[in-house]
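Chemist: Residue numbers (the numbering used here), protein chains in the order written: chain Y, 388 to 888; chain G, 493 to 964.
Quick caveat, the hints were computed from the structure, so don't treat them as lab data.
Bear in mind that the values here come from a model prediction, so they are computed numbers and not experimental data.
If a hint is listed, it holds; no wrong ones were tucked in.
In the DMTMM-like style, the derived pairs of lysine to aspartate or glutamate whose C-alpha atoms are separated by at most 25 Å in a straight line are: (1) Y:Lys495 x G:Glu564; (2) G:Lys556 x Y:Asp482; (3) G:Lys513 x Y:Glu403; (4) G:Lys573 x Y:Glu406; (5) G:Lys652 x G:Glu761.
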Amino acid sequence: MISPTIKIAPSRFPNEISEIEVIRDLSKCINCGTCAKVCPFGVHERKTGYNRVSKPLSYFCIGSSCEDKPFYCVNHCPRKALSLDISSEYRTIGDYRWTRDLIIGTWKQAETGIPLKGRRYEIGNSGGGFDRISFNFPENEGNRGNNSQLTTHKLEDTDISTEIDLNKREGTKISIRVPFYGGGMSFGSISLSVMLAKAKAARAWGTFTCTGEGGYPEALEEYDDNVITQVATGLFGVMEDTIQRVKIVELKYAQGAKPGLGGHLLGDKVTPEVARMREAISGSSLFSPFPFHSVYSVEDHKKHLDWIKELNPDAIVSVKVSTPTDVDMVAVGSYYAGANIIHLDGGYGGTGAAPDIAKKNIAMPIEYAIPKVHEFLKQEGIRDTMTIIASGGIRTAHDALKAIALGADGVVIGTAELVALGCVRCGNCESGRGCPRGIATTDPELSEAVNVVWGAQRLINLYAAWQGEIVDVLKRFGMMSIKELVGRYDCLIENCEITQD
Amino acid sequence: MPKKYNVEVTLTPPRYIPIGKFEIERGEDCINCGRCAIVCIYEVHKRQDEDLRCMAEPVAYRCKGCFCCIQECPRAALSIKENEEYSRLGDSYWTPEIISTNWYQAETGKIPVSGAGYRGPFSGEGFDSMWTDMSEIVRPTRDGIHGREYISTAVDVGRKLPAIKFDSQGLIASPIPPTLNIPVPIIFDRLPFGGFENVYEAMAKAASYLGTFMIVDAEEWFKGVGRKEMGDGRMAKGERSHLIPYITQPTLHGFDVDWIKTCKMVELEYDEVVLSAINEVKRINPKTIISVRVPFGDNVEELVEELTYAGVEVIHLYADLNGQTFGKSLFIKDMTQNVHRHLVEHKIRDEVTLIVSGGIAMAEHVAKVILCGADLTAIDLPLLFALECRYCKECREVLSCPVELKDVNPQWGTQRIINIIGAWRNQLLEILGAMGLREVRRLRGEVRRAIFFDDIEKETFDNVFVWGGVIR
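Whole structure, please, built from the sequences with the hints as guidance.
Modeler: Structure representation (structure tokens):
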């Protein structure tokens, strides 16, 4: 497989948030410039023509691992004016689900395309679900087959496939080269540049991105083969043409972050352009209804799928649902209605705007829903003809692998992509002009912050890091394909160790 | 169909500068270039009014933690940290998040909405160890929140007969016990502190507007604030009828009989002779509904059963401020389920109304405690939060209140309380709509529509982790 080119895509901010802060005590520093001479990473600099040494660029500092190096600035400073500390920004950023290390780690991977090793970059601090699961690697890591068998051989990275099939039923065969694709984020909830960056990255990696419920901007048409059209309860921007031009259509019944509630786009974010795309009036809040008022049974549900297949017989259909107690019945119902993909969106999923009460309380986390549906479809004898896609809290490649081992075929990611583009998860996407960091906004001035080419490169890099990590884990398990990992509970182990502080 | 119930909310700003989550510090390296003022969309950074060449001190309470100014400053002169005053708010049960989200709701009357996924722990203690269900495709759902389908939040308080007898003429022969229809499953409980005249006035006026009720300590009320209130006519008759006097046995004798005659409901503290006290009150006012206030303690199930068989109409089970029961310290979520299940097993659940209180801190707790088997709840601290209380507990040490609760303007306070109940009710509608329920009465005891952490964790992972060991 030829992977897309990885290019370093540094942060778009002059001051990247770093774990370590290099502190220069100005009352002691004599601006001798020794630190600038010794540091090989460019933390200290004395610009030509300046008498003073610049403020340390802490982001480049390698931290305490520098202590025993011959070029450790703290030791070299003749006046003992330098010291290292944990930065206050690092202490402040992040939350239980997306810890400071997961955010910063995702940024680094989006910058370099190289997987980051270490537990703090692999699991969060929520104390449950994926954060309490570890991999149960075999003793003879990296070998294909059992020790006792003669067939044992060392696997190479190139032996390992991360490709998955999205359609296991009759009809168009579609496979993606990585076991993940981009989640639905509407034009309106995010800017056009972010949508295009996602589409570009999806094309580069041979996977998909999804329109969300907000229409199909013309600029996206170039990426038709890598776009999923979402049909959600408000039917905003859905037209015959938008269904006919794509390979996959997603019927969104519910969203994990706000199960049982329709989409929310508050009035401030409905700019004239967004309103045009949604065939609505600018400035008015757009609340999608819940549920589809035409669907109250599996028969009605089938009618919807038939309608899509009538319009576009070549398309495969994904049904995106939330995770109620009877999610297994919903999945089976969707199968009999003719769906190709059942997309489970767990309760802790992302959103551009949702009531806090819904995000926290309604419907079960994805970690429970995956095995529930996987087992039930097996019992019903239809597991091999239905694709299970999981989302709602997939933050890292490790989460994706765990979801697959729990019984999913692949995953959908959303927040991780936005973090790659510089999101700090401050959670202010919904109000006023939208995202202050220019991602989840359609404000013309703010959305200039994300350049399409840069954004696409960040995502390409992140995907590369994830793919690299997935290959690495599969290799350690002695697996040649991600498909071998599906439902392999024996690869998982409960980890009760208390995570981070 | 009865008139739709609606709570009118109005923006009612706080009296004091709110306590923000973040603190922003401007370092000495600042060159007053103004970049921060451009990138901040929340107006944290501004130039000084008196000297436009210099940047003003950051208005940190407006900061929403986007880190833009920090990252954009050409001299890296700005730093951010969590505001200690914020993280010190409340305690481990009444967290800063709970307090500040209640402030927001009292101010705006709106449901808290935010972007990005849930930020908290996977699960937790008490109410955080359960999720509520939702409906999709194969079950009918309700679109309640925007009023597209009417969802009722009304509850009936009092005894409901299991069956009605008719005489030979076809007329109802059974004596029908009085019931009280309350449009929201939330009444106001006695306050643990902060019971100033103005606070009570605001609560009573809000209760009257909302059509709900407010439990007041009869002795305190009668001797102090209440008499004065009623004396100088600050409280209208209509508002007075929304009070539930709480009476302990010793005060019952010589108590204002005229007041009891006008009360729709009276609450008595439980003791061995409570049944004779009930008779005494019923003799004075047969139409009044009597609630017996019972502490959640060990073996409370048997006591509730006994009282129900003895004819008690309403039982108010109360835990401590943090929702912990007395005796073996259990949480109200579990104890409510035990009591409910016990009554169901004895087939007497509908004969008694259960009010549960203690630790009801957020709208979700109302829904969850009803799911566990309560008919309605009583709240305390959130009413004080509506009036900007910071739960600093200084008043308990006879120190001065930082938000001067005693000087609260009652009109302002009334609207703040109406706002918070309006927002809570809308959140209850979200939960009910998602579950496909058309009225809150249907939610009671529907434990199969809840997902309990312990159960689902076992059900899911016992199967998954059957293979390997456990890392501890």
